[in-house]
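Okay, here's what each chain looks like letter by letter:
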Amino acid sequence: MKPETEKYTDVPTQEMLISMGPQHPATHGVLRLVIKADGEIITYADVDVGNLHRCEERVGQNLKYPQFVPYTDRLDYLSGMNNNLGFCLSVEKLLGVEAPERAQYIRTIMVELNRIASHLVAFGTYSLDIGAWTPLLYAFREREWIVKLFEQVCGARMTFNYMKIGGVREDLPTGWIADCRRFLDEQERRWPEYNRILSNNQIFIKRTANVATVSAEDALAFGWTGPCLRASGVDFDLRRDFPYLVYDKLDFDVCTGEGLKGTVGDCWDRYWVRMLEILQSVRIVRQCLDNLPDGDIVTKEVKKNIKPPAGEAYVRTENPKGEVGYYVVSDGSAIPWRVRIRAPSFNNLSLIPKILPGLMIADVVAFIGSLDIVLGEVDR
Amino acid sequence: MESLIEFFKGSEFLSDPGIGWMQEMAFLPHVLAYAVVFAAVFGVFGVFAMFAIWMERKVSAHMQSRIGPMRTGGWHGWAQSLADGIKLFVKEDIRPGAANAVLWVVAPALVFCAAIAGFVALPISQGWVVNDLNLGVFYIVAIASIEVVGVIMAGWSSNNKWSLLGAIREGAQVVSYEIPAAMTLMVPILMVGSFSLTDIVNAQQGSWFIWQSPWLFIAAVVYFVSSIAGCKRAPFDMPEAESELVAGFHTEYSGLRFAFFFMEEYASVFIVSGVFATCFLGGWNLPFVDLDFASSGWMVFVGALICMAKIMFMVFMQMWLRWTLPRLRVDQVMSMGYKYLTPFAFLCVVGAAVYEYAGWNWIPGV
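Listed in order, the protein sequences are those of chains A and B.
Position 334 (the first sequence) corresponds to 333 in numbering that gives the first Met the number 0; numbering is contiguous.
Position 188 (the second sequence) corresponds to 187 in numbering that gives the first Met the number 0; numbering is contiguous.
Note that these hints are calculated values from the structure, not bench results.
Misleading hints may appear alongside valid ones.
Straight-line alpha carbon distances no greater than 25 Å define the calculated PhoX-like cross-link-like pairs of lysine-lysine that follow [what the hints assert, rightly or not]:
1) Lys353/A - Lys160/B
2) Lys92/A - Lys306/A
3) Lys163/A - Lys299/A
4) Lys338/B - Lys260/A
5) Lys63/A - Lys92/A
6) Lys205/A - Lys260/A
7) Lys35/A - Lys353/A
8) Lys35/A - Lys338/B
9) Lys338/B - Lys205/A
10) Lys303/A - Lys63/A
11) Lys248/A - Lys63/A
12) Lys63/A - Lys306/A
Which residues of chain A face chain B? A partial, calculated answer using Cβ under 7 Å [what the hints assert, rightly or not]:
13) Met15
14) Ile17
15) Ile129
16) Gly130
17) Gln201
18) Phe203
19) Ala361
The model shown is predicted, which means the values in this text are computed figures rather than measured ones.
Don't be surprised by glycine CBs; every beta carbon is placed ideally from N, CA and C.
Sequences and hints are given; from them, build the entire structure.
Structural data, given as structure tokens:
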């Protein structure tokens, strides 16, 4: 008789096929991850995007150039100003015009304020993913200031449609600059609070440091851009290296990950780069407010009926999520022949099948939160 | 309890010759006494649960720079929990089609009953206890571990992989943290020489256990952390991690069935806070004053107020931690339980046993 123990040497254990679903609290939108997990450890992961596909690029082939600007708000809906800017710059390049000086400064202010707002959402929702409910409310308390400032300028809290081809739509109302300065002071005052409650919290560090480390080679190979790339140690920022708007006249630091709590390129670094960028954006907005010139807000060279000459233009801008590229092809008519949008979140997701195997399910949430993706951008 | 039985035995209502057939049933006073006591316990627990839910919402709101419920019922939304309870009662009973019918229905009941059963041995004041079991602490720890079975039933029978993950995590976590919880409770038991919670409280007249010796202090801290893990509350709420598992093991439950799980969580919170207050914070004793709590009805009532104040403070501590700290990953939870808390728990027990045996004292005369 064989001893009892011999029967159980080859107990078959099954891998679970889990669909982290389109409906899931932690996937930052309708993202579907197909995961095979052996208990808690993941053995295979794949991304299934497309649940938010709204054919925006195809819509761009139906509408006139100014009519497409509101659609750009809906791409990365947390950084509407940045997306507006990218498209407007691209069409301006096709037309060969430049926005006036005042418009450029205002655009920079709006874009940087939106960067702060987007990074605040990233911070708040990341804390929610890790299980701390309170920092979200702190982040949204500051974001409410920004959103109110935007509402005063253009009437909308999230989908701004503020940038016009050739400038901006409205000038700053009276008292806006003073309000903005008050917000900047408040943001600087509140920034250390975030560190006390989350960044230096031992549990948060245990959950995010040394988790899902992405090396600089991997990040570059998979087309990562933005804070995620900088967190892996690559010192590259479009605002400094390929300046647009008035960035060449401004003084700011580019923040890279240094592995302060773990290794360079782990989740904590990606989170920390965003926190530092909030402070840098405050600095930039202060400089712009100090040097704001008077003048027009829209260039007079842009006619009402925009018909760029036949050609193509590709403009890259540094969005809060990464590098956004707008490739606009014109055939001489009032309607673009092709609008192609290079979305950073889509490329940032591409590393998931490589990084996830070997992590635990809780780490999946930590990793995706650190990527700061927005499905509106991924799926367009 | 005994006094209630005597009261019913001697009452006119039961000795009235007009109701002859009632006198034949000698168990009637007992039944009536138990009915009154259970009604009282469920009443107190119901009020406590509603109050605790309201308190949680207010406490969390103020920590998050908001204000919480303000409108339901007028003053600071005090009726919010009542409104939520009524809503849960009248909700449609949705059952997953592929769920195991019997297990799915029984799971919330099992979990709730196991949690409520702990109230039997928890004293609120001198004599105010359903049944002063001489195995009080042991009973509470043992019966609270039955809820693990209920949770695993809920996770498995829901036919939902996320629920299953939550249930598996819960099984591992709660069972592992019972070890440090039970071992640290051995320390006050060693000091007193009895499992009965009333005896433990009476031994703390004039001086609470928590500052009497380092063994007791470390035991108190370890027990507090382990009991939070046993209640599946943040930072140990992996089993019901909302941002990962939707709602963990109780994802597929709605309405009254979900209310059972929800009330079970608050029942556990109350019981472990009650055990902490009685074992380490002196129960109904005030710190440096020797009061005789059995002297009159009023003193007993004052003792109950003191005990409840301590319990509510511990409940507040649990809520404070919940809204401040992120959640630990399940392997970090397990490593913390086995590698850090359990060794400290054993250290406390051995240290306290050695000191008891040798008759040494940290504070002279205590």
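Hints versus structure:
no.	hint	in the structure
1	Lys353/A - Lys160/B	holds, 24 Å
2	Lys92/A - Lys306/A	holds, 13 Å
3	Lys163/A - Lys299/A	holds, 12 Å
4	Lys338/B - Lys260/A	holds, 23 Å
5	Lys63/A - Lys92/A	holds, 16 Å
6	Lys205/A - Lys260/A	holds, 9 Å
7	Lys35/A - Lys353/A	holds, 13 Å
8	Lys35/A - Lys338/B	violated, 29 Å
9	Lys338/B - Lys205/A	holds, 16 Å
10	Lys303/A - Lys63/A	holds, 11 Å
11	Lys248/A - Lys63/A	violated, 33 Å
12	Lys63/A - Lys306/A	holds, 9 Å
13	Met15	holds, 6 Å
14	Ile17	holds, 5 Å
15	Ile129	holds, 4 Å
16	Gly130	holds, 3 Å
17	Gln201	violated, 9 Å
18	Phe203	holds, 5 Å
19	Ala361	holds, 4 Å
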